Structures are given as structure tokens and as C-alpha cells.
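*Asks:* These are the residues of each chain, in order.
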Amino acid sequence: MRDTIVIGAGLSGLMGALALADAGRRPLVLAKGQGAMQWAAGTIDVWGAANGSLRAALGELITTDPGHPYARAGAAGVEAAIDRFRALMESARYPYVGSLERNVLLPTALGALRPAAFFPATMAAGDMRLGGAAHAGPPLLLAGFHELRDFFPPMAAENLTGQGIPARGVYLTLPPIARRLDFNTRVFAQLFDDPAFREDVGRQLRAARGDATRIGLPAVLGLRDPLGAVAHLQALSGAQIFEIPTLPPSVPGMRLFTIFREAIVKAGGRLQIGAEVLRGEGADGALTAVYSAAAAREQTHRANLFLLATGGVAGGGVRTDHTGSTWETALGLPLQAPGGRGEWFAPRFLNEAGHPIYRAGIATNPQLQPLDAAGAVVYRNVAVSGAALAGSDPIRERCYSGMALATGWRAGQILSSEL
Amino acid sequence: MTHDHIELSLEQSLDHCIKCNICTAACPVSAVTDLFPGPKYVGPQGQRFRMPGQPSPDESVDYCSGCRVCNEVCPTGVRVMELNTRAKAAIVEQNGLPLRAWLLGYQYWFGKLACGPLAPLANFGASNPLLRTVVERTVKIGRKAPLPKFSTYSFRSWFKQRTKSQASKTAAVPDGSQSTAPGSRKQVVYFHGCSTNYYEPHVGQAAVEVLERNGFEVIVAKQGCCGLPLLSNGAFKQARSHHEYNVEQLLPYAQRGIPIIGTSTSCTLTIKEEASELLGMHETAVRMVAENTYDIFEFLRLLHDRGELNTDFKPVQRSMPYHAPCQLRAHNLGRPALDILELVPGLQLSESTAACCGLAGTYGYKAEKYQIAMDVGAGLFDFVRASGSDTAVCDSEICRWQIAHGSGLEVKHPIEILREAYG
Ligand SMILES: Cc1cc2nc3c(=O)[nH]c(=O)nc-3n(C[C@H](O)[C@H](O)[C@H](O)COP(=O)(O)OP(=O)(O)OC[C@H]3O[C@@H](n4cnc5c(N)ncnc54)[C@H](O)[C@@H]3O)c2cc1C
Ligand code: SF4
Ligand code: SF4
Ligand code: SF4
Numbered sequence: 000m001r002d003t004i005v006i007g008a009g010l011s012g013l014m015g016a017l018a019l020a021d022a023g024r025r026p027l028v029l030a031k032g033q034g035a036m037q038w039a040a041g042t043i044d045v046w047g048a049a050n051g052s053l054r055a056a057l058g059e060l061i062t063t064d065p066g067h068p069y070a071r072a073g074a075a076g077v078e079a080a081i082d083r084f085r086a087l088m089e090s091a092r093y094p095y096v097g098s099l100e101r102n103v104l105l106p107t108a109l110g111a112l113r114p115a116a117f118f119p120a121t122m123a124a125g126d127m128r129l130g131g132a133a134h135a136g137p138p139l140l141l142a143g144f145h146e147l148r149d150f151f152p153p154m155a156a157e158n159l160t161g162q163g164i165p166a167r168g169v170y171l172t173l174p175p176i177a178r179r180l181d182f183n184t185r186v187f188a189q190l191f192d193d194p195a196f197r198e199d200v201g202r203q204l205r206a207a208r209g210d211a212t213r214i215g216l217p218a219v220l221g222l223r224d225p226l227g228a229v230a231h232l233q234a235l236s237g238a239q240i241f242e243i244p245t246l247p248p249s250v251p252g253m254r255l256f257t258i259f260r261e262a263i264v265k266a267g268g269r270l271q272i273g274a275e276v277l278r279g280e281g282a283d284g285a286l287t288a289v290y291s292a293a294a295a296r297e298q299t300h301r302a303n304l305f306l307l308a309t310g311g312v313a314g315g316g317v318r319t320d321h322t323g324s325t326w327e328t329a330l331g332l333p334l335q336a337p338g339g340r341g342e343w344f345a346p347r348f349l350n351e352a353g354h355p356i357y358r359a360g361i362a363t364n365p366q367l368q369p370l371d372a373a374g375a376v377v378y379r380n381v382a383v384s385g386a387a388l389a390g391s392d393p394i395r396e397r398c399y400s401g402m403a404l405a406t407g408w409r410a411g412q413i414l415s416s417e418l
Numbered sequence: 000m001t002h003d004h005i006e007l008s009l010e011q012s013l014d015h016c017i018k019c020n021i022c023t024a025a026c027p028v029s030a031v032t033d034l035f036p037g038p039k040y041v042g043p044q045g046q047r048f049r050m051p052g053q054p055s056p057d058e059s060v061d062y063c064s065g066c067r068v069c070n071e072v073c074p075t076g077v078r079v080m081e082l083n084t085r086a087k088a089a090i091v092e093q094n095g096l097p098l099r100a101w102l103l104g105y106q107y108w109f110g111k112l113a114c115g116p117l118a119p120l121a122n123f124g125a126s127n128p129l130l131r132t133v134v135e136r137t138v139k140i141g142r143k144a145p146l147p148k149f150s151t152y153s154f155r156s157w158f159k160q161r162t163k164s165q166a167s168k169t170a171a172v173p174d175g176s177q178s179t180a181p182g183s184r185k186q187v188v189y190f191h192g193c194s195t196n197y198y199e200p201h202v203g204q205a206a207v208e209v210l211e212r213n214g215f216e217v218i219v220a221k222q223g224c225c226g227l228p229l230l231s232n233g234a235f236k237q238a239r240s241h242h243e244y245n246v247e248q249l250l251p252y253a254q255r256g257i258p259i260i261g262t263s264t265s266c267t268l269t270i271k272e273e274a275s276e277l278l279g280m281h282e283t284a285v286r287m288v289a290e291n292t293y294d295i296f297e298f299l300r301l302l303h304d305r306g307e308l309n310t311d312f313k314p315v316q317r318s319m320p321y322h323a324p325c326q327l328r329a330h331n332l333g334r335p336a337l338d339i340l341e342l343v344p345g346l347q348l349s350e351s352t353a354a355c356c357g358l359a360g361t362y363g364y365k366a367e368k369y370q371i372a373m374d375v376g377a378g379l380f381d382f383v384r385a386s387g388s389d390t391a392v393c394d395s396e397i398c399r400w401q402i403a404h405g406s407g408l409e410v411k412h413p414i415e416i417l418r419e420a421y422g
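Respectively, the protein sequence lines represent chains A and B.
So in numbering that gives the first Met the number 0, spot 263 of the first sequence is number 262, and the numbers just go up one at a time.
So in numbering that gives the first Met the number 0, spot 11 of the second sequence is number 10, and the numbers just go up one at a time.
So the derived list for chain A, only partly shown, Cβ under 10 Å to chain B, looks like this: (1) LEU29; (2) THR184; (3) ALA188; (4) VAL250; (5) THR257; (6) ALA293; (7) ARG296.
Rather than coming from a laboratory, the hints here were simulated on the basis of the structure.
Please read all numbers here as calculations on a predicted model, not as lab measurements.
Built from N, CA and C at the ideal position, the CB exists for glycine as well.
Please work from the sequences and hints to get the whole structure.
*Replies:* Put into C-alpha cells, the structure is as follows:
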């Protein structure tokens, strides 16, 4: 019934679906479950390994490593994808800031510093390069709640201080209206949607602030209007407020998913979450149908165009077993991977060159069409994007989400206009 | 206990849990009440404390509504809802079936008694606040929970009448069943379920007419309750005999390749998967009936895929909110009703993103869970009210009653809308 199918609802599949919807297609997105989005920080890491300009680093990478997923997207493609992503977030009143000029350093829940290129405006005041090189400004305040597991402001503050960024951590008292037995990040996000809850927290922050001009809180400041929540807390506390990503489930990830879903559905697309693709069927070099798990029998989906964005091992798109063999789960595409387990890893854990297994994935041609071991196109009407692609080491390069966006966008465009 | 492969896959699915809590963040029940700690805790985590032959360590698992939102979002495929339902059954096995679960599980008996001429009297009783208060005090069935109204005629009686008036044309079909539109080559069996029979015969009438418009002879086979209310209350032994009966009745059709079609997403899910999975029934006959059973819009969509759907639709100039019930989502078929209804010119359906209406089978009927169910459904009621429409659309009967109760709108089965579009 729908002539375009996207497999995978992570950042890459959703970005691809958006590109397809923009081009007037009405994609059906099939996914086994939520993508890695709810596990991740919600920042867009384009090239965390870069010290200076990301734009320059990408330019160099694209010329020297044409097999890298970023090279498939192209320099203009990367920029276009980011522009489209930012426009979408802007229209949803959840703007992203940052640039390809340089990475900023954002604190993690443990007080480590993490490079990111683009990040929600709600995290902006957390840029640890602000306040001068010697961090001459007053100490930061980090605040949290005992009730929120895995977020320890004193510990994070101590770690920051140890890195030359003076900080102080405090616990706030949960307002009585919010008493519950158990809390998770979503429960807190719902509480922060309530202005009365924010009033109480804001007053406590003002009292605890001292001379701090910036206050870091866990990234749970609302699901409905986080930007408004941050502004409200700033007005109440008299300091700049920024969000610090938490451990999963990630509230910034939930926001992203909701914004994408609404845009895709509004453009006539549809999402079917819970639909694991088990296999595909092709004829004459083209994929004609995919089959998803359903009650009592598989569901058949016929279409003309397919985007495969099933992620890597974490997303469930790539599996391995004890024999060391690896395979792609949805269509059974051949993987470009080290032969046996013995070849997966380099000798040292923190090896300069990274571990061969991390570069594993589906090999493609410049049109992102999947290739077999002999280099021939497997299905001409399929494009592959995101963590499922071979040829990069996203952990070492810190480029997972940037690459997912750029290749998802590019794959959507290739499918809608070039294949 | 037999260690069939389902059992094994359930046990293994427990080990797939990476404790990310994505399910807990999505569970609509734990979002509104402290009485339920959430899927991760009572599901894969709690399972580690459940030992065969040992007393059940569970209390809170009873607050799982069975909506399956957790299964849908889990990135690693843990089947939390099945773990929970089995844990509930272990409690029933240990403590016996409470009177209330018995009443809710065997609700179709009320239908048998009250549907027809006695309906006005029964409806008076069901809507009488004094009586409902007594019922709440004694058996703890929520005083305000949305009990459906008994119909003054049953679907089967309507169908029989209709068949009689077409008597000269009636074809012979296996005993106990009736059929329409004889002479047609194509046959389907209609599984109406209890609610269509006793409360909403108009849904069945619309289904029969739509199927006939597509050239099918409709057979209404002998059938009993699918047993879902028993299953969800942990009464596994009783549910098994219901499923066995239905399989026996439906098997001859399945063997002849005649599709079995239902308008109740919960009945069809029970026949397709729920009964066999939860009860560990994997005989060939059970599987054959399951594989031949379809949700009506799933069936119509398959017809459309083959270019065989009658798409001679009149424009329907309406915009309405639509909610995909949990029981439909568990079929894992996407949104077949939306796929078909978008073929109707002028018709605009906007889909809710609410996780659940709250009622979840018989959950919201229980006095201590009534408010939880209303709180879970609040987002959906708001969405439906904000649409400005006077009618909402939903495939499942229980959800329709709950949405109507919570929002004040009239709620229809999508097949009624499609029937309208055929003019
Ligand atoms: C714990 C964790 C933390 C992370 N933190 C960061 C971070 O800080 N910064 C960063 O940039 N990146 C981070 N990432 C990585 C990043 O978020 C994603 O891996 C990346 O965005 C890739 O996205 P994707 O869309 O390609 O794949 P995924 O997000 O993995 O999505 C894959 C999708 O495909 C579906 N799928 C898989 N197999 C099938 C199948 N057979 N049938 C149907 N559907 C299927 C999945 O259900 C899912 O919806 C993190 C990842 C993890 C696991
Ligand atoms: S979503 Fe799945 S993997 Fe995550 S905690 Fe829940 S059951 Fe475990
Ligand atoms: S089935 Fe529904 S109520 Fe039960 S744990 Fe899962 S999400 Fe929560
Ligand atoms: S699920 Fe169907 S057959 Fe079962 S009780 Fe409900 S309406 Fe009756």
C-alpha cells in the first residue's frame, strides 16, 4: 500500500524517512523497537575526534577515505542534513545550537567532558569552555535529587573540579506534591512539565546558588516544552540553567523521537514500531518485499524503494554468535567484517588504530546501495544508512549520531530522486 | 510444566534484558500510580524470584494491565507482558480464582441472560447507582466503570432472521451455522465474539454488509467466548476449554482454507496467538485455526493488495480522531483500518499517540483500578475531545466504551465508517 519502506526507527531511519516525506513520498517505517536514541545523550556528535574545525577534518576525511560513510554523504550532504535537522527541531521549539567550526565540551553525569558539535539549546550553558581559559568565573553549581538514580551532583562536581573547573554539587528536596515511591527520568520530566513543580525547584536553586552564575541539572527538564522550562527556571533561580545527559532512558532521546514521529506522520508517513523484519525477497536484482513478525503469521510489505537503517550490534541490526560469524538481521545482507573472532580486536584495549570489528558493517557503493563480497550491488532499490554501514569506527571517531543523520538524509534523497 | 519452545523463549527473553528501563519509561500504568513499579521490575527482574513449586513472591504484578506497550518499545525483544500474565496465573493457581475474576471472566453469561427482551431491565440495573454501589462494595467492580448496554436483540438473532428472509436463496453449510449471499464462490467465516453478539450487533451487521459488498458469502459459525477475560484474569484452566471449543468449531473451515474474520481485535488476537502462547497449546489444529484468522481490516487490506477490494466509495466529509487499541497493536500489523479508510474520499482520521485507553480488557472494571485506568486514559480523552468531532473511531469494543466514558464522544468501530462509505 506504501511504495517506500524504511527499516529502523533510530536517528538514521527517522532522518531518512523525513527526507522521503519531504520529497513527497509517504514512507512506512518498520522497526523492531526504539532505536539507540533513548540510550544516547541527544547531542549530535559529528566528529568528536577533531581538535580544530570539524568542517576541515571532514573535508580531509572525505578526500582521503572515500569508503567512509561521511564520504558517501558528501560535504554538502552533511551540511544539508544538519540544516534540515536543525530546522525541524527549531520548528518544534526544541532548537539545537553548535557549529562545524569546533566541538564544545559538555559535562556528563559523571563530570567527564564530552565533545559535541550540536546540542539542544537546553544544554548550551553547559559548554565548559565558557568562562575563560582559567575558569576564572565563580564555581558551577550542579544540582539533582536523591530520588533520581545514577545522578550524583557532588561526585560530578568533584570530578569537574579535578579537571580545573571549580564546581559544587547539591541535592534538592523533592517538593511534597511529587512524592512517589519510585522515580525514573520520565517521571521527573513529567514533573518538570508542571509549572508549580518548577516554582518550588526554582526557589531552592535560588537559595542554593551562592555566587554561581550557571547551574547544571539532569536532562529531565520536561517533555512538553523543555526550552520554556529552562527559561522559567532561569527566571526563578537567577542563573543560567543547563541540562546534563543522564543514563538511559534518555529524556532528550524521547523528545527527538516525538518530534520526528510527528513530522513524519504529518507528512503522510507511518511508523510501525514492534515490527521486526525477518527477511526480504527479491527478483531481478531488486528487493520486492520484506516480511515482519506478526501474530500467527508474518506480515508482507511490498514496496518499490527500501531504506535499511537497522543500526549496528547495539541497535539489533547486526548479530554475531559464538562461532564469530556476523550477519545483518533484516535482509540477510553480507557484512564486511573480520573473518573470525581472532581478528576482531587489536592487541591493546585503547589501541590507536581502533579495533577491526568496530569498522564492520554493510559495504555499499557511493549510492549507498548494498554490495556483496564480490563488490556487486545486491539490491538496486535499497539504500543503507547509519550504524549499519561499514567503513567507519564511530566509537573512536565519535561520529555515531552525525553519521546517522548525514547518511540517513542522503539515503532518503538518493532513493527519492536518483534510484 | 511443559517446557515447550514458547516457555523456553520466555525464559531466554528474560536474559535479553539489558536493564535500560526504556519499558518503564513507556509503561502507562507505572506513570500514574505508585502501586505498580513498572515492567522491568515485575517482568524480567521479578522473574528471577519466581521458583516452580514455591509460593508466588508477587503482589504488584497484579497491577500490570496487560497493554503490551513494554513489549512494543523494548529494544532487545523481552516479552515482558507474557512474563507478567504468567505470574498472575501462578497467583490464581495458588490462591484460587476470586469471585470477581470469575464474574469478569464469565461475563458472557450475563450477555446470554440479559441480551434481548430483558435488556432494558438489565441496563436499568447496570446504570443504577445504588445497585452499582452495592456491587462495588461486595465484589469490588468499580461503580463508575463503563459497563456496556445490553442490546435488545442479539447479532445471531438478527443474522438468523435475515437468513430466513433470504431463505429461498440460502445455501447449506455445516450444522449449527448460518450463511448469507449464497451462490457466491468466495466464503468467509465471521467470528463476532460476545460483545458484538450481546452489546453491539450493529458492528456485526456492518461487517457482514461490507464483506458482502466485496462478494463474499458470510458464514456465522458456531462459536463460544474466546476466553480472553479468563486469560487476563489468570484463569488459565478455564480459558483452555474455551479455546479448545472454538478450535473444534472453526477447524473445518480452516481446513477448507476459508478465512475466519473478526471485528474484535481482542477475540482475533486471542485466537491467533494469545491463547496458544499463554497456555502452551501448539497442536496442529490450534495453529491451523490461528493461521486462518484475520482482523477484518487486515483482511480487507490483503484484498486491496491483490487489487480485489471494492473501492467504490462515496465521499465521507468528516474528520475524526482514531485510536489504535493495544490489542490491535499486539497483532503487529500497523494500522490496517487507517490504510483502508484513507481510500475513502474526504475522510480524515487523525491518530492518537496515547499509549492506552486505560481499561485494558477487564482491568479498569476493578474498583481499585478504576482511577488508574482513568488516569492512564486521560491523555487520550483530551486528544479525542480536542478534535472537535462528535465521533471517535476505535477497533476494540472495550476501548470504545472507555473512550466514550472518559470523553463523552460517541465511539464507532471503523467498519461502521466503511459501511457508510459504501453508501
Ligand atoms: C548506550 C549507547 C550510548 C550512545 N551514546 C551516544 C552518544 O553519546 N553520541 C552519539 O553520537 N551516539 C551515541 N550512541 C550511538 C547512536 O545513538 C546510534 O547508534 C546512532 O545514532 C546510530 O543510529 P541508527 O539509526 O543507525 O541505529 P539505531 O539507533 O541503533 O536504530 C536501529 C533501529 O533499527 C531497528 N532494527 C534493528 N534490527 C531490525 C530488524 N531486523 N527489523 C526491524 N527493525 C530493526 C531497531 O529497533 C532500531 O529502531 C549511543 C549508543 C548506545 C547504545
Ligand atoms: S526495555 Fe527491555 S531491555 Fe530495557 S529494561 Fe525493559 S525489558 Fe529490559
Ligand atoms: S503490559 Fe502495559 S501495564 Fe503491563 S508492564 Fe507492560 S506497559 Fe506496563
Ligand atoms: S474477547 Fe471476544 S469472545 Fe472473548 S469475551 Fe471479549 S468479545 Fe467475547
